[in-house]
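Undergrad: Below, each chain spelled out in residue letters.
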Amino acid sequence: MSSKKGYFGKYGGQFVPETLIPALQELESAYEEAKKSPDFWAQFESLCRDYAGRPTPLYFAERLSEHCQGTRIYLKREDLAHTGAHKINNALGQGLLAKAMGKTRVIAETGAGQHGVATAAVCAKLGLECIIYMGEEDIRRQSLNVFRIRLMGAEVRSVNTGSRTLKDAINEAIRDWVTNVTNTYYLLGSAVGPHPYPTIVRDFQSVIGKETKEQILAKCGRLPDYIVACVGGGSNAIGIFHPFLNEEQTKLIGVEAAGRGLATGKHAATLAAGEIGVLHGAKSYVLQDRHGQIRETYSISAGLDYPGVGPEHSYLKDTGRATYVAVTDEEALEGFKLLCYTEGIQPALEPAHAIFYAARLARTLSHEHIIIVNLSGRGDKDINIVADTLKAKP
Amino acid sequence: MSRISAVFERGHVALIPYITVGYPTIEATPRIAELLARNGSDIIELGIPFSDPLADGVTIQRASFKALQNGVTPELCFDLAKQVSRSTATPLIFMTYFNPVLKYGLKKFCRDCVLSNVDGLIVPDLPPDEGLELEKIAIEQGIDLVYLLPPTCTDARTKLVAQRSRGFIYLVSVTGVTGARDKLPADLKDFVTKVRRITKTPLCVGFGISTPEQARSVANIADGVIIGSKIIQLIELEDEFKSMTAFVAELRNSLDNAAKDKEASSANRSG
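Read top to bottom, the protein sequences are chains A and B.
Each residue of the first sequence is one higher than the one before, starting from 89 at the first, in the working numbering.
Each residue of the second sequence is one higher than the one before, starting from 148 at the first, in the working numbering.
Honestly, the hints are just simulated from the structure, not real lab data.
Treat the numbers as computed from the prediction; the structure is a model and nothing was measured.
C-beta: ideal position from N, C-alpha, C; glycine also.
Do not take every clue at face value.
[Claimed, not checked] Which stretches of chain A does chain B cover? Using the computed rule of at least three CB atoms under 8 Å from a CB of chain B, they are:
id, stretch
1, 102 to 108
2, 264 to 274
3, 355 to 368
4, 372 to 381
Let's have the full structure, built from the sequences with the hints guiding it.
TA: Next up, the structure:
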């Protein structure tokens, strides 16, 4: 698949200051080592099971399906994983890697706060110092998660440059890493960044897709027709997509944030509206202006509010293996309410985008079809945003 | 020989100040560049601002942000470089991140460098492994693509950078981002010596140098001194750039004195 090491087609690479190259090489060889080690995977699997609560259920959303005139919709319940989202899978894997590399200090960025919470939890568990970079705007809108991160002994550093969101938190984390590269492990939370991060994050998140495959075969005796997942950086989506890449009968759909609508320019739909560029160490689709400056993005959901996307998604878009669509704030709120009313489940605003799209898709299909939605996180963190938005628009 | 390589034939330590184009204002850039040239700069590094300067500390981040607010674009940077090159013969180097160059078009970017009398290019997020395509075009157009080398480099990376960097090698004094620092790292000399053993390419040291004393001690071991954040901080102080001008003149002076130190010590050795 890769034309060059560290690339997915023409996407990926290591566009970073030379200072980080030895660190990335060290990370790559440590990961290659870990990948071959049965002990490492045994440790990872045991923590996934006993600490994170895996496997997460594949749940038949019967009333949601009925509501959508009968197509069978299943939810992969990553919202039930420890700390409330799929982010724990990657945090556990990379936490073990950091430990194996003898690093004592862990840094991470977070947007919605879910990766921050997961990293803080894993660092508390493994006894590692933990610093989380978070945009000022995200600290404001995801205050519950900020509190959770601090409760677990991690430090939250507010980032007040640029758009004060995920993009700027990553910039600041990279600056920290460049400065403290010898003792610090950068626990990147999405399938973005320089090689080998997109591969490492995908591999640890692939547990989602592997479980899903077994579970749907056990329940339905066949593979699904569609898998729908939200895409910001794209870690939950690549995690559930990857084990299905060779299963051509399963269509893969990534749902980006259309914010206030693609036409308004206030959105975060990188694959739908972006073009090829380089951001945070990788060549991929990027939202940029005509001078190559990275554009400010907007989404109601902090986790999708990012002007880049993982390089493997760019590759899947170009090859046509996956399709990428965009859903607005308003539609995501519809998806949020729909899942609350029909199933008694409050999704995070990120997967609410995927829920909305899946429900709309279901109405166009017959009873024979199966759709699986990756319910990547739970919605407690978003209750205030939802309440405020619904108050403003009753 | 490129105009940049020629600088190192002059037999004195090169003074390379950095400024962000369009900071504090677009109009100020040609004036500041002229003052830098007139006060002993050998090469002027012009920063094309980028929205996400992840190798830069707060000073240059802030300057880049302001410059972008002022409406600076790569096109405008080419225009200003052309204007600067009319008033001075000092070689110019652009420093920017890879995305604006990629967006502009690698070929067009290098060709416009030539048309604007820009001699070199520094792209901190482009290590040699990713730089092949740009490097090939730069060589065709006679533009020096300068690579950076940090103190954490291995011998293999040093060899690679040494082989590929043109004009000079940009030695990063510390692991970290740009920004004025009180002290230079104690092992800087070992680092420069280590690289010197591997290559004959001129070595210029940057990141963190902020006083004439620091510049003088760097001048004792390297071929050039790059100073950015401190200059930006002084530019902020007043409209006429008097402090900045005085600072640059003082830097020139201390580099020249360092050269005398060196002569004296080698004379002592031979005597």
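Undergrad: With reference to the structure, classify each hint as holding or not holding.
TA: Okay, the hints, checked on the actual structure:
{"no.": "1", "hint": "102 to 108", "in the structure": "holds (count 6)"}
{"no.": "2", "hint": "264 to 274", "in the structure": "holds (count 5)"}
{"no.": "3", "hint": "355 to 368", "in the structure": "holds (count 5)"}
{"no.": "4", "hint": "372 to 381", "in the structure": "holds (count 6)"}
The structure is consistent with each of the numbered hints, conforming to all of them.
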